[in-house]
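Participant: Go ahead and model the full structure; you've got the sequences and the hints to work with.
Residue numbers (our numbering), protein chains in the order written: chain A, 9 to 330; chain B, 1218 to 1469.
Each statement offered as a hint is correct.
One side only, chain A facing chain B, incomplete, derived with CB under 7 Å:
#, residue
1, Ala197
2, Ser198
3, Pro199
4, Phe200
5, Ala206
6, Arg213
7, Val217
8, Gln219
Heads up, incomplete: computed chain A residues facing chain B, CB under 7 Å, no partners named:
#, residue
9, Leu195
10, Leu202
11, Met203
12, Gln209
13, Ala212
14, Glu215
15, Gly218
16, Gly220
For the record, the hints were derived by calculation from the structure and aren't laboratory data. Glycine is no exception: its CB is placed at the ideal position from the N, C-alpha and C atoms.
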Amino acid sequence: MLNAALLLGLLAIPLWAWMVDEPFTITLVTRAVILAIAGVGLNVALGLGGLVSLGHAAFFGLGGYAMGILAYHAQTYIPLIEMPVLIEGTKSMPVIWLVAILVSALAALAIGALSLRTTGVYFIMITLAFGQMFYYFAISWPAYGGEDGLSIYVRNGMAGLNTMDPLTFFAICYALLLLVLFIVSRLAASPFGLMLGAARQNPARVEAVGQGPYRLYLTAFVISGAITGLAGALFADLNRFVSPVMLSWQTSGEIMVFVILGGVGRVFGPVAGAALFIALEHWLGGLSEYWHIYLGAILLGVVLFARGGIYGLIAGRGVAHD
Amino acid sequence: MTEPVIDVRGITKAFGGLLASDDITLDLRPGEIHALIGPNGAGKSTLIAQIAGALRPDQGQIWLNGQDVTALDTPARARRGLGRTFQISSLAMDYTVLQNAMIGALGRRGDVMRFLRPVMRDASLREAAETALDQVGLSEFRALRTADLSHGQRRQLELAVALTLTPRAFVMDEPMAGLGAEGSKRLITFLSELRARTPILLVEHDMDAVFALADRISVLVGGRIIATGPVAEIRANEEVRRAYLGQEDAQP
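Facilitator: Shown next as structure tokens:
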């Protein structure tokens, strides 16, 4: 019910904006949709697996740079690699998405394999450190703009669609959000999801039934990173710009805020969280430059009084039923 | 004599200067309940942790079904047929009772890396889980959140999860604790029948339960097994009475 209302709302606003010719509003909602995908991705690690990662900007940014680098090579006609095989850049969205997913999944595998040897605060700090490593690497590497970032002149294309049209690009992002939500809700109810949730609540229980928590955590971390990477590619395409900011720890924090605002562990929670975040950013940002103060107050309220986020507040604290 | 299911061969474990396990040899044979008793601090938990695989002994070996499992970790031992219940209930508190039992059934079947099909609609897992809940008398509470269960019910659920593993041997750490008279009586009847299928290494403080259930008793004091034998023999053993039973109500 709540899920349907949320998704319908996200669909209705851009349609309305399209009718009254308000392209800015469409872009705003598209932003919310893309950030929602990132949040849904983080929620696989944070909500389902209990892995507090403060380094998800690394995957978001890698997705962004996957798009940026491929499109840059395509628009400058400089091949990406000439030896041993010729690989050229591309402006094809589906190819870029696949590369973004693959690259961030691999990065998540490497980061996760090392970070998951620790728990608690150490895990938070080590994921943060990995994230910052990517950030400073991007800043100091001049080939793709360094600190200034990388501009892409024309949005990437997809099978005959006019992706520069705000509503078309919104539709693409929205469809991907639906797909990701479908996959993650299936995941949450799957054998893997059941065991991952058990590992979050009680690793000793999982071991006693003959399973290793590490393998579960790592798989969740990789899936989580891959989804966040996809969101990063879309985000870069929305702005037609990628910069090290996408890799910064503030970005990790923002994605985490979506999840906490919406409701940790609820599949649709980050969608509500991202939508609320963008709405607040828009309205409060209009009131004052220092709108983060109000956001902070709201976040504090959620953490103190509504542990289940918006979703927990509205839907109640239910058990995950079958 | 039939081959023991669990065979602990001379294990020693020291924490700094404290010898928590001092050359312990102990076995669990098919069809029996072997009770392990001893005062607080005798090293029972350390011994159980070594058998379950949470701690590695400094010396000695642990065999399970004729296989040396000393180097294996907890999940590997569980997969080889060791079913454990914890002294303090170790359950997924946010899950329902049924979901907790499903964890056991799923862990037992092993196909955890399935990502898209709904686990709660898996008929074979559900049947295994519900059978186990039925056996411990928790069927009617299956939809309850585990955190909302009473202490005694959590103990029962703990046992149900272990049952879904259909293990070759049970290691139960104080299953009677906090059960109340009625609950203890029911559990004694249940364990008594269970032993024919699956032998049980039972750590228990409740002496009535131990005397009612055990085929053999081992007494652990200060990290050493001071006596092993049938119930009558242990009750008559002077050293045991002095070291352990004497402190509590040991009237036969």
